[in-house]
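Line by line, the protein sequences are chains H and V. Take the first sequence: its letters are residues 1 to 233, numbered as in my numbering. Take the second sequence: its letters are residues 234 to 466, numbered as in my numbering.
Bear in mind the hints are in silico, worked out from the structure with no lab data behind them. Keep in mind it's a predicted model, so treat the numbers as computed, not measured. Glycine included, each C-beta is placed from N, C-alpha and C at the ideal position. Be careful, since some hints might not be right.
Reference excerpt, derived from the structure (chain H facing chain V, CB under 8 Å, subset only) [what the hints assert, rightly or not]:
1) Arg65
2) Glu74
3) Arg79
4) Val91
5) Ala93
6) Thr97
7) Leu104
8) Ala156
9) Gly157
10) Ser158
11) Leu161
12) Ser166
13) Leu169
Number of protein chains: 2
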Amino acid sequence: MTTQADVLALGIQPLARRESTAEAAAQALRSQISAGRLAPGSQLREEHLAAALQVSRNTMREAFRLLAHEGLVEHALHRGVFVRMVGVSEVRAMYATRRLVEPLGVRAILGSPRAGDLVASLGDVVTAAEAAATAGDWHVVGTQDIEFHRAIVQAAGSTHLSAMFSGLLAELRLAFLRLPDPETLHEPFLRRNRGLVTSLGAGDLEKSLGEIDSYLADAETRLLAVVGDGSRP
Amino acid sequence: MTTQADVLALGIQPLARRESTAEAAAQALRSQISAGRLAPGSQLREEHLAAALQVSRNTMREAFRLLAHEGLVEHALHRGVFVRMVGVSEVRAMYATRRLVEPLGVRAILGSPRAGDLVASLGDVVTAAEAAATAGDWHVVGTQDIEFHRAIVQAAGSTHLSAMFSGLLAELRLAFLRLPDPETLHEPFLRRNRGLVTSLGAGDLEKSLGEIDSYLADAETRLLAVVGDGSRP
DNA sequence: CGTAGCGGATTGTTGAGCAATCCAACAAGA
DNA sequence: TCTTGTTGGATTGCTCAACAATCCGCTACG
Numbered sequence: 001m002t003t004q005a006d007v008l009a010l011g012i013q014p015l016a017r018r019e020s021t022a023e024a025a026a027q028a029l030r031s032q033i034s035a036g037r038l039a040p041g042s043q044l045r046e047e048h049l050a051a052a053l054q055v056s057r058n059t060m061r062e063a064f065r066l067l068a069h070e071g072l073v074e075h076a077l078h079r080g081v082f083v084r085m086v087g088v089s090e091v092r093a094m095y096a097t098r099r100l101v102e103p104l105g106v107r108a109i110l111g112s113p114r115a116g117d118l119v120a121s122l123g124d125v126v127t128a129a130e131a132a133a134t135a136g137d138w139h140v141v142g143t144q145d146i147e148f149h150r151a152i153v154q155a156a157g158s159t160h161l162s163a164m165f166s167g168l169l170a171e172l173r174l175a176f177l178r179l180p181d182p183e184t185l186h187e188p189f190l191r192r193n194r195g196l197v198t199s200l201g202a203g204d205l206e207k208s209l210g211e212i213d214s215y216l217a218d219a220e221t222r223l224l225a226v227v228g229d230g231s232r233p
Numbered sequence: 234m235t236t237q238a239d240v241l242a243l244g245i246q247p248l249a250r251r252e253s254t255a256e257a258a259a260q261a262l263r264s265q266i267s268a269g270r271l272a273p274g275s276q277l278r279e280e281h282l283a284a285a286l287q288v289s290r291n292t293m294r295e296a297f298r299l300l301a302h303e304g305l306v307e308h309a310l311h312r313g314v315f316v317r318m319v320g321v322s323e324v325r326a327m328y329a330t331r332r333l334v335e336p337l338g339v340r341a342i343l344g345s346p347r348a349g350d351l352v353a354s355l356g357d358v359v360t361a362a363e364a365a366a367t368a369g370d371w372h373v374v375g376t377q378d379i380e381f382h383r384a385i386v387q388a389a390g391s392t393h394l395s396a397m398f399s400g401l402l403a404e405l406r407l408a409f410l411r412l413p414d415p416e417t418l419h420e421p422f423l424r425r426n427r428g429l430v431t432s433l434g435a436g437d438l439e440k441s442l443g444e445i446d447s448y449l450a451d452a453e454t455r456l457l458a459v460v461g462d463g464s465r466p
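Take these sequences, add in the hints, and give me the full structure.
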């Protein structure tokens, strides 16, 4: 006989709830946006998209709300929803946040008893990115770069911080979309991420923090150079 | 003639956009929840509330989405929306986050050239809370306590962090609702907040961080003692 | 040149309706 | 008695059609 206690002891969790139609529609838009097929600044008309995805206008609106909360689109009352335009001020804000948050992850990693495991899995991510770079797949490199930093913040152990940071990274991906030449941006970061893994592996807190800081300063500068030239300065 | 540049120079902002009906409905529920009239765990039936607020069911559902994203209610597919139940694990997560984030604010305040102004306005908040305590209005004391810590995090200068923290504090208010005796919880914190203002005013970073840390440890312990006894342990 | 209206297009909101799902109560079987 | 179907009512998920409110580009006018 299995008691309720037994079930709990097994660590069984409530099953992942199926996705609603609105969530599915949102996911469809999400992939279109992150693939760059829906350009930043372009308007998403509910009637048009509802017809394309074969859902009702109301459901479409619900999907828009989801995306708006994630920061992927902007909702202007009575005017419509637009793919988020990431400008100079947004990039500045994102990197201000990263400068505050990522060091927390670095400190947590080095202070953790499982520091070895954490650094090893970070190394795996960089290795995957390096392989993708060799293959010339810069889109994957970008994805792995984002994954790398998400993992760092995750190590801080705060669900709230992780959730916020995931949203920030999704926003950041919007900025990456504006890059004419992904290689120029991502190639140097690959080396920086590898360097960070090395200094983390050596347990050198000061050097690790320095690496993060220079990574962020460099990334911000490069992004601003590109975004600043955009249609909306 | 007033040009667009003139307008921008004056710092004039786009007029406060009127709220949509859904937002208004959400606001109504928000105040009901934070006033404790909608008990945590209770179900919100769309048809019933739509009738009460005299909006359509669709609009009501949109309001639910807004609240769900804020973490005030939980949405279970095909089962309905429920006022968020804050349990032991949620409280632990909230304070883990606060322990990471609030020190960032404290460091930012002491590192700012406007440290004096910042500390002064923090002092005003505590003063207001002390006045409310004298008057026996513990609900206001709680509000000011939350405002105090929101201001600290705001000083870190990250819009992302501030937004996340505001959500966290709204969640925290849900936990406060479960307190049978608000005075017991809030009274000691009043003194701690005053102490923090003092050490901030003295420019003592170590002491300030210590104050924050002991405030958080104390608050977590007290909240866990109450929440742990709740219906959902 | 600036602006005040006009009209089409789009969004905001409503209400009704039906399918899908949940849940509590009951019935059947070991 | 305990477990396992089954069923019916209640509630949510989604759609559809319609109308009101609002925005925006256009035109005409001073």
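Structure-based check of each hint:
{"no.": "1", "hint": "Arg65", "result": "holds, 5 Å"}
{"no.": "2", "hint": "Glu74", "result": "violated, 12 Å"}
{"no.": "3", "hint": "Arg79", "result": "violated, 10 Å"}
{"no.": "4", "hint": "Val91", "result": "violated, 12 Å"}
{"no.": "5", "hint": "Ala93", "result": "holds, 5 Å"}
{"no.": "6", "hint": "Thr97", "result": "holds, 4 Å"}
{"no.": "7", "hint": "Leu104", "result": "holds, 5 Å"}
{"no.": "8", "hint": "Ala156", "result": "holds, 6 Å"}
{"no.": "9", "hint": "Gly157", "result": "holds, 6 Å"}
{"no.": "10", "hint": "Ser158", "result": "holds, 4 Å"}
{"no.": "11", "hint": "Leu161", "result": "holds, 6 Å"}
{"no.": "12", "hint": "Ser166", "result": "violated, 11 Å"}
{"no.": "13", "hint": "Leu169", "result": "violated, 11 Å"}
Comparing the model with each numbered hint stated earlier shows that hints 2, 3, 4, 12, 13 do not hold.
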